[in-house]
Amino acid sequence: MSTNNNIAQARKLVEQLRIEAGIERIKVKQYFSSLFFPLLVSKAAADLMSYCDQHARSDPLLVGVPTSENPFKDKKPCIIL
Amino acid sequence: MAAEKAEMDALKKECDALRTQIEAARKAANDGSMSAAAGGVASVGRVQLKLRKNLKGHLAKIYAMHWSADSRSMVSASQDGKLLVWDTFTGNKLVAVPLKSAWVMSVDFAPSGNLVASGGLDNICTVYNIKAASPKTLRELDAHTGYLSCCRFLSDSEILTASGDTTCCLWDLETGKQKIIFTNHIGDCMSLALSPDMNYFISGACDSLAKLWDVREGACKQTFSGHTSDINAIAFFPSGNAVITGSDDCSCKMYDLRADQEVLDYTDSSLNAGVTSLALSNSGRLIFAGYDDFNCHIWDSLKGEKVGVLSGHDNRVSCTGVPEDGMGVCTGSWDSFLKLWN
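Sequences listed follow chains A and B, in order. Residue numbers for the first sequence follow full-length UniProt numbering, so the first one is 1 and each next one is one higher. Residue numbers for the second sequence follow full-length UniProt numbering, so the first one is 1 and each next one is one higher.
Derived by calculation from the structure, the hints in this document are not laboratory data. Among the hints, a few may not be true.
To give a feel for the contact side, a few chain A residues facing chain B, derived at Cβ under 7 Å [as the list claims (entries may be wrong)]:
| no. | residue |
| --- | --- |
| 1 | Met49 |
| 2 | Tyr51 |
| 3 | Leu61 |
| 4 | Lys73 |
Every residue gets a Cβ at the ideal spot worked out from N, C-alpha and C, and that includes glycine.
Make a model of the complete structure from these sequences and hints.
This is the structure we're talking about:
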């Protein structure tokens, strides 16, 4: 009874690990080409750095938001003391 | 008896062999560290953002918030039993949605802006139409056997949920029924994030694991380990190739999906508080992470260094969000306030 449960669980675990190890392909379409999986960390890092670099200029939190264009700034008139 | 034991032994042997194979493949791909690779990248310097708005309205702890796709409206959820929809440009409250159950843990805005969803200890994900004359309950998605920790709309007709019952689920909003149940975690699911192309999602759970799922197939494609406690927050890097997690173990981590492993760890010996929430700036370079120490700390995602802090809340920062146009960051806290910074 409980042995059957354990076997069923073990079988499920093996099936899951086979997916993650890339042995069993359920569909032909792959998320990543199996030839390059896993990808070298150096290549992965280079891609991430490149993405950040390409998008840095259009990242308002990195480059800053000019006061005149700041949507969150309180639009109160200035008081000259 | 003997046959069953033999099968168990064989299965266990295969498990061990597969785990070894996965680890060996990861090790072979680990040809250098991310922080070493980013050594030549220019530093972002000290990131000092100013408090622009302090939104008062909730009467109890805020547990969740989410920006609308228009980068102007935002919805927040509090255990005062209300969802509030705010106009962040003026600070005005646009809509108040009274909740059947005050024990809310998650809230989301549909991309169309027509619907919001929330859920919590009631185990139910309730979807509301906020464009009606007064907020109308559209659907009550009731099938989880544990608390609703996170909900994310794919569109006005589909929503993903994560639950304390250890499963995630894809629902059809037209029928109110479950389409796919994602099972594999062995601990409460605490958070989920959709990939930019919406074909995949990533979940973080109390089993300290992050899992990548195919939305349509229902299969768990990859599992990422490394954290030593509950993963409370998870987000995709904007390119879709990496994932950032935040945990009760006081650290955040970056996992690269194609390298199939952890590539960076965001820890600081002076930070001894759990991570509750996180959001990335539009380029992916800055990570805004909310902590139990009442602050939102800012990390350089490439170099793994702390580059700033958003201080001002009087209690735990429970939620963080950056709008689609990247113009600011919103923090929500147990102190009942939401703050906008840029």
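How the hints compare with the structure:
1. Met49: holds (6 Å)
2. Tyr51: For A:Tyr51, the interface hint holds, since the closest Cβ of chain B sits about 4 Å away, which is under 7 Å.
3. Leu61: This hint holds: A:Leu61 lies near chain B, its Cβ roughly 4 Å from the closest one there, short of 7 Å.
4. Lys73: Since chain B brings a Cβ to about 6 Å from A:Lys73, closer than 7 Å, the hint holds.
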